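Given only the sequences and the hints, what does the whole structure look like? Please build it.
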Amino acid sequence: MGSYIFRRILATIPVVLFVMLFVFSLLYITPGDPAAILAGDQATQAEIEAIRIDLGLDRSFPVRFVEWSSGVLRGDFGVSIFTRLPVSTMIQQRVEPTLSLMVVTMVIAITIAVPLGVLAAWKHGSLIDRAIMLFAVLGFSVPVFVIGYVLAWTFALQLGWLPVQGYTPFSEGPWPWLRSLLLPSFTLATFYIAIIARITRATMLEILQQDYIRTARGKGASEQAVLFVHALRNASVPIVTVIGIGITLVISGAVVIESVFALPGLGRLIVDSILRRDYPVIQAVILIFSFVYVIINLLIDLSYTVIDPRIRY
Amino acid sequence: MIKRRTLLGAAAASPLLSLPALGQSANSNVLKYVPSGNLTVLDPIFTPAAVSVTHGYCVFDTLYGVDAGQNPQPQMAAGHSVSDDGLEWRITLRDGLKFHDGEPVRAQDCAASLARWAQRDPFGQALNAATESFGYVDDKTIVIKLNRPFGPVLNAIGKPHSRPAMMMPERLATTDPQTQITEMVGSGPFRFVADEYVSGDRVVYEKFADYIPREGVAEWTSGGKQVNFDRLDWQIMPDAATAIAAIQAGEVDWIGTVLTDLQPILEMHPDVNLHRTDPYGVLHVIRFNHLIPPFDNVEIRRAVLKAVDQVPFLQSVAAKPEDREECLALFPCGTPGVEQVGEGIMGSLDIEAAKEAVMAAGYNGEPVVILNPTDIASIHPHGLLAADLLGKIGFNVDLVETDWGTVVQRRVSKETVENGGWNIAATNWPAISINNPATNATTRGLGESGWWGWYEDVEMERLVVDWLGAADEKAAAKLYLDVQNRAIDQVPTLPLGLSYSSGAVRADLQGALQGSVDMFWNIRRT
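Protein chains in written order, with our numbering: chain A, 1162 to 1474; chain S, 197 to 722.
Simulated from the structure, these hints should not be mistaken for lab results.
Here the structure is a predicted model, which is why all the values come from computation and not from measurement.
Treat the hints loosely; a few may be bogus.
[Unchecked claim] So, partial list: chain A residues that the calculated Cβ filter (under 10 Å) puts toward chain S:
1. Ala1200
2. Gln1206
3. Leu1246
4. Trp1314
5. Leu1436
For glycine and all other residues, C-beta sits at the position ideal for the given N, C-alpha and C.
This is the structure in structure tokens:
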């Protein structure tokens, strides 16, 4: 196991290096000039050129790539072309809201979706099953911003229970923090509730047909024990896989939710940076996202060995 | 299809909206403001962006401001004197001016600030060309030595928009003009709180305790800048509908811009008032590339000008009639000295006649590339309408729809269209930033060293120089009119008219000023 983990961590190095080269190359050939955006509408070509030189954007691809990648290896992501702030500072400022959104969203999604999926499978074909599946279809189909506005309309504007927008850091207290996250997290969670509930139901239906389930029931195990001890655990591998994928997908969902609820997270940072071609910020955020993807995938793979002792690496 | 704004509209229409919001801010000493865009560049001399100007007026002060009639008024200055030959201007500073780091404001700081500004700003560059030196005789007296007469010295250093001449400490003002200043130390009414600045999220200012406002009533960028809040919080909200919801819920006090289709929501709300800060609006234009065919041909440009009806262009960006105004001129109507010199010319040809005029002018059927940014709501419809119009009058149109970042890159290309060049691009200008011959980049004839499109016109430049050096107001007014007539005759740019936007302010706030940008003095909570 130890050597497997070591090998997997080693394997992340070429992946991250490839992402570095790929992202840098992609941005290099993408049309758009940050110097022209920065200079503004009145700027003459001479002014734009002067800014380009000042920012080092006139240098060749290899020179810029070597300089940037050597900086990254030293933990220095450079400075933003626009704000002139260190990219690491900008990312640091944005990590907490996105991480908080991810955690609360997944906690809500798992807490609601897994019991719903189990219930739907247990009551297969019943009204409850159909109602849960209807909810799942809605969760898949309705765009998150629509759900966001409906929830904001109800709980912020109508009832005044929760804020319309904004993020309160955890350092200001757990309740204010949670309060600022409830609406965006519930909004984002609807999609994941739908997907996790569906996969839980489908997997549980298959498991509930297995001989060992009949045996468990024959031994007189309670229905609760049959569902949650015998069936759910054996159904867990695909569920955990979907949850893992969901965690990575939350990052892309965060882009919309962070805009709708004005959360200062990484999703908004990368969209803003792409629109104004702030290359150092784009490169750093994508690099970090790719690293997070790799780590989450590793954790998912490792979790299989805990869930199913038959799996060994 | 359900749209986000429709949903928010439904929210606003609810009679229960007036229920107390538990999330609402209760701190009356904090003014919460939502700017129109994110503040990315802090240096207001480096960029003309409106949001940076708004920020600049918080942190920095100017030697002169303007009143509602756009007349220069002393601000940091106590007054000035001019030598008999008009070539030496001495400006005296008011007593007690301090920077946010506690240092006194000196003439040396102001001279260095003027010198830097004069290298970046178009009006400043015009002044710079007529200036021998920006200097000082003592800590309180700035000296501007001219090498030729330059009438609008105070108009230039008191300009209210697009790089106003803001005063900084000498150690910052000596920074290369092509490099941004990131340390925010000014002598304005608010102190920038660097520790709390998160680009894309929030900008925080504190009232500067040592700021000494002028006597008198605040008006535009002049008069007494009395600050009535201890703290000013900007909250960046990328989604316009979210900002609307936030002001309804009382979570913010002031929104810089409300999209025209969201205004009815706030008009119905009892606790929010719409507020039009800039009474002059923005002038929408279409810029020709003068370096390559077909718009290097003045007769073709004239034919297009005669075919343009501004109404659909204006309707596409301003829903309500009171938010738009036809302006048949290349200078903003409503600003002093501007006449509708295009009357009887613009829109004088119908489609068939315009088609004939285009052909008679020698159009050869070459492709006309229109750059159109899909992500800028105030420009995108103009690209579409231009494509439609030009297609109807016989042009072979190639509409390139792409994002703003790509447009601004391609727009500076001087190549042929086959090699990545372009022919037409729409944009808009805050009217107040182009309200005289020197600052109006859309009419200047500087050629390849000028604004993109590179219109070259020796006669126009002669008129501009003459206007800058005009002996008296009457001569200046005549020259200004000559410039306007020359512009409409040569058609360096197509004027599409003016539109006006509004922001929104909570009803318990009084005293929001008019100006080129939102300003946070004078306003108070009742």
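Consistency of the hints with the structure:
1. Interface restraint check: Ala1200/A against chain S, minimum CB-CB distance 8 Å, threshold 10 Å, status holds.
2. Taking 10 Å as the C-beta cut-off, the interface hint given for Gln1206/A holds, the closest approach to chain S being about 5 Å.
3. With its C-beta approaching chain S no nearer than about 7 Å, Leu1246/A sits inside the 10 Å limit, and its interface hint holds.
4. Proximity of Trp1314/A to chain S holds as hinted, the smallest CB-CB distance being about 4 Å (cut-off 10 Å).
5. Using the Cβ-Cβ criterion of 10 Å, the hint placing Leu1436/A at the interface with chain S is satisfied: the shortest such distance is roughly 6 Å.
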